[in-house]
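Use the sequences and the hints to build the structure in full.
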Amino acid sequence: DSGVTQTPKHLITATGQRVTLRCSPRSGDLSVYWYQQSLDQGLQFLIQYYNGEERAKGNILERFSAQQFPDLHSELNLSSLELGDSALYFCASSVGPGPKYFGPGTRLTVT
Amino acid sequence: SQQGEEDPQALSIQEGENATMNCSYKTSINNLQWYRQNSGRGLVHLILIRSNEREKHSGRLRVTLDTSKKSSSLLITASRAADTASYFCATELNAGGTSYGKLTFGQGTILTVHP
Chain A
1299 DSGVTQTPKH LITATGQRVT LRCSPRSGDL SVYWYQQSLD QGLQFLIQYY
1349 NGEERAKGNI LERFSAQQFP DLHSELNLSS LELGDSALYF CASSVGPGPK
1399 YFGPGTRLTV T
Chain B
321 SQQGEEDPQA LSIQEGENAT MNCSYKTSIN NLQWYRQNSG RGLVHLILIR
371 SNEREKHSGR LRVTLDTSKK SSSLLITASR AADTASYFCA TELNAGGTSY
421 GKLTFGQGTI LTVHP
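Going line by line, the protein sequences match chains A and B.
Okay, so the first sequence: first residue is 1299 according to my numbering, each after it adds one.
Okay, so the second sequence: first residue is 321 according to my numbering, each after it adds one.
Source of the hints: derived by calculation from the structure; they are not laboratory data.
There's no promise every hint is true.
Residues on chain A that point at chain B, a partial pick, calculated with CB under 8 Å [unchecked claim]:
hint, residue
1, S1300
2, G1340
3, F1343
4, Q1346
5, L1386
For every residue, glycine included, the Cβ atom is placed at its ideal position computed from N, Cα and C.
See the structure below:
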């Protein structure tokens, strides 16, 4: 158990819909990272927050947004969903540079 | 985009044999890390090697880093069926840039260890 929790575990939704994925980092970790894993793209970095502020951005679509709240949990919002958004979404946390602790992921299926 | 390439893409061995996976990357790094992922589960950190280190050991794992060739290898000795998983290398770039702290992953190697 990494200490990082993600909800929900599975999500099935239709094209055009909007969903919110939630992540609670390990106690004491200020950095939260979001990754998308798909068969064709592999593990892609989406966005990083550090203590409530956006720190780095990857190839995150404009339809996707995220935030980190004062209690350090983070949410990833995916809107206008397309079939190609079906993937595993992972959240990871860390104190800073070095090892990252990954949550179990949310499997999103868009039908 | 992926930082680098891993090879082989898939590796099938017998229990007790050694498994070697290679990773190449493109830019200057702060450290390189290896992660393991069991099918559809979260990634688990295995080992980290800093850019000024050449070799590191942890249990049955041995990692080497050649910064001149921008490559790393992960050796798992005396493999077990429970080692069956996907293995990913990930690079963390140098401090000071906006990418500081984030990881860039390779495509991974699928390791199957037959009992």
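A quick look at each hint next to the structure:
1. S1300: holds (6 Å)
2. G1340: With a closest approach of 5 Å, the G1340 (chain A) hint holds.
3. F1343: holds (5 Å)
4. Q1346: holds (5 Å)
5. L1386: Given a least distance of 7 Å, the restraint on L1386 (chain A) holds.
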